[in-house]
Amino acid sequence: MLEARSLTKAYNGFTALNALDLTVKAGEIFCLLGANGAGKTTTINLFLNFITPSSGTVAIKGIDVVANPLETKKFVAYIPETVMLYKNLSGLENLSYFAALAGQGSLSKTELRDYLRQAGLPEDAADRRVGFYSKGMRQKVGIAIALAKRAESLLLDEPTSGLDPKASNEFANLLRTLRDRGVAVLMATHDLFHAKETGTRVGIMKRGQMVASLGTDEVGHADLERIYLEHMHD
Amino acid sequence: MILRIARKEIRDLVRDGRFRWSAVIVTVLLTTSAALGWRSWRELRAEQARAQAEARNDFDEQGEKNPHAAAHYGLYVFKPKPPLSFVDPGVDPYTGVSVHLEAHRRNEVGNRPARDATALQRFGELTAASVLQLLLPLLIIFLAFPALAGEREQGTLRQVLSLGVRPGTLIWGKAVGLVVALSLIVAPVLALGVSVVVLGSAESARTWPHALAMLAGYVLYLGIFLAVALLVSMRSRTTRVALVVLLGFWILNAMIAPRLATDLARRTVPTPSSLQFTEAIRRDIKAGVDGHDPEDSRIERLKQETLKKYQAETVEDLPINFQGIALQAGEEYGNSVFDRHYGALWTAFGRQDTMRKALGFLFPTLAIRELSMALAGTDNQRSRDFAESAERYRRDLVLTLNRDLEQNGADLGFMYQAGPELWRGMPEFRYQPPALHASIQDQTMAWAALVLWLSVTVGLVCRSTRTLRVD
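Protein sequence lines correspond, in order, to chains L and C.
With the working numbering applied, the first sequence covers 28 to 261.
With the working numbering applied, the second sequence covers 30 to 500.
Don't take each hint at face value.
Below are the EDC-like pairs computed for lysine to aspartate or glutamate, each with C-alpha atoms no more than 20 Å apart in a straight line [to be verified]:
1) Lys-162/L x Glu-138/L
2) Lys-114/L x Asp-41/C
3) Lys-162/L x Glu-182/C
4) Lys-162/L x Asp-151/L
5) Lys-101/L x Asp-151/L
6) Lys-162/L x Asp-218/L
7) Lys-114/L x Glu-232/C
8) Lys-52/L x Asp-244/L
9) Lys-114/L x Asp-45/C
Hint data in this document are derived by calculation from the structure and do not stem from the laboratory.
Fair warning: this is a prediction, and the values are worked out from it, not measured in the lab.
Just need the whole structure built from these sequences, with the hints factored in.
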């Protein structure tokens with residue numbers, strides 16, 4: 028589904044991402060771990076064609092992202108660290124707009140409300156303007172957008188940072204549901220615990236390179252933390 | 030998809046306090062200025078009609094007198110205030126609207142409200158034209174500067190583009206949304222304008238096409254500002270940069286360009302001051318034929334020629350009144366002097382106008398100013414056309430009176446008197462403004478400037494969609 032081959036991005040001399048090889052298959056949750064500036068967000072931006080690779084290829088569902096940026100975006104949903112919404116519109120109106128832009132303009136109000144409920148947004152919040160929303164509520168609208176888009180893959184950029192444990196947990200459950208439906212998930216995160224719990228694979232990144240990649244069923248919590256810290260030491 | 034985006038933009042705008050307040054302010058200003066303009070137009074027109082009738086009546090009722098004395102008495106005529114001058118009073122307050130017609134003299138068009146205006150009024154009267162030319166572009170800038178720069182700053186642009194929306198679709202949707210939002214503001218005033226033009230006046234058949242052409246001009250002009258605002262918003266990293274750049278563009282157009290154009294025109298094509306001009310005419314006339322002075326050598330020659338023509342011994346023997354011939358000769362000499370001086374002045378003014386119109390290619394506000402005044406019938410060209418028309422009437426009037434003296438005053442000499450039938454027999458002065466296609470043709474340059482600006486800016490917007498940055 029999501030595929031990177033020798034993917035490299037350099038900004039005048041500085042290599043943000045160095046020869047990344049990565050495959051996320053349907054039904055997999057791949058967690059990218061690493062310090063800030065390790066290249067996690069760069070990887071996600073490359074999948075979204077927000078930046079163009081210096082070399083290597085990046086593909087979604089076997090379609091090259093650089094050559095077909097609009098086509099490949101049909102198959103992914105993106106949730107950033109903080110989901111930004113239009114503050115003058117209600118949660119429902121925001122979802123309706125984003126869904127329409129994603130090609131789901133024919134969804135009825137009931138269906139849209141249903142997506143918001145699935146994402147865990149309290150029912151009475153749907154009609155309030157998002158100017159009053161907490162970060163957790165906005166993330167939930169972001170999830171509802173992803174659900175409404177029925178994307179086959181998800182690109183998540185630290186989506187749970189700043190969420191309370193309960194909200195993080197709900198989010199993890201939702202990810203598992205999606206995984207079971209066969210969605211391919213690529214998630215950048217700092218949360219080792221949730222990476223181990225929900226992820227199928229983890230990749231540890233350092234200075235633009237993936238230094239380790241392992242299945243979460245191969246290691247325990249303590250091992251994962253140890254391996255991570257070992258790599259972070261110079 | 031474009032409509033879906035437009036709908037969201039409108040909803041977003043309408044719920045924004047900034048939009049509501051600016052809408053209220055602009056609506057109030059535009060409605061007030063148009064209504065005030067309309068009322069003062071009606072008052073002025075009624076006043077003018079009364080003054081014109083009174084002046085004509087005074088002329089008709091001056092009783093028995095020598096026709097040349099009647100020519101000295103003269104007549105006031107007025108430049109009719111065209112209906113669309115309530116939208117754009119143009120240069121009328123500076124060039125004047127009435128002129129006194131009399132023998133021997135070509136008076137300047139006078140009655141200039143600008144001369145009596147206070148310093149405060151010099152900042153600009155509140156007219157519908159100034160609202161359309163200056164305030165609406167400012168409103169467009171305030172509504173459109175965050176269109177993309179704001180979404181970029183907020184981070185919503187990332188999300189929108191991650192959905193797979195074509196950037197061009199997004200921009201067009203926003204443009205349509207802004208156009209509709211602006212129409213909501215302008216529609217009430219437009220309705221008012223239409224009703225005024227329709228119900229307005231006897232000339233509505235003539236006013237309609239002018240109003241439509243004017244509307245087309247303003248649509249082009251405001252379209253340019255919208256395209257520029259979107260372009261800058263697309264290319265700016267932050268809303269602050271976008272706003273500063275756009276305000277700079279506005280200041281350049283609204284404040285700097287008009288002064289620049291006036292100064293540049295005055296410097297490249299210098300024209301004499303009013304005092305120098307009248308002095309030059311006075312000097313030339315003095316050197317010519319004076320119909321009132323029997324000692325004038327040229328009059329003596331004319332007398333000999335006339336005597337020869339009628340084979341008469343003395344002026345008293347002539348079957349005609351020689352005074353009439355002498356006076357008309359003086360008149361015609363004067364006219365040739367006027368033609369020379371005014372011809373040169375008009376050519377210079379015309380070149381200054383052309384220069385200002387050419388500057389419209391750099392500053393669209395200059396182009397719309399010229400266009401709007403021309404279509405309202407209040408531009409320089411029209412005021413010159415009126416002055417010329419009044420002058421032609423003056424010459425006909427004086428000629429008719431001198432001829433009457435010449436042909437009917439043979440035996441009485443200067444004692445000859447004509448009656449009210451003669452005064453009443455003079456045709457009414459009716460200023461005929463040029464036709465619509467002439468007004469439009471005169472403004473080819475302004476039209477070209479506006480169309481060029483719009484197509485270039487829209488072209489740049491389209492090109493920029495291909496390289497739209499996410500952040």
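Against the structure, the hints come out as follows:
1. Lys-162/L x Glu-138/L: 23 Å, violated
2. Lys-114/L x Asp-41/C: 8 Å, holds
3. Lys-162/L x Glu-182/C: It holds: about 18 Å lies between the C-alpha atoms, which stays within 20 Å.
4. Lys-162/L x Asp-151/L: Since the Cα atoms of Lys-162/L and Asp-151/L sit roughly 17 Å apart, the hinted pair holds (cutoff 20 Å).
5. Lys-101/L x Asp-151/L: 31 Å, violated
6. Lys-162/L x Asp-218/L: 17 Å, holds
7. Lys-114/L x Glu-232/C: With Cα atoms ~51 Å apart, Lys-114/L and Glu-232/C exceed 20 Å; violated.
8. Lys-52/L x Asp-244/L: The hint holds at about 17 Å.
9. Lys-114/L x Asp-45/C: 10 Å, holds
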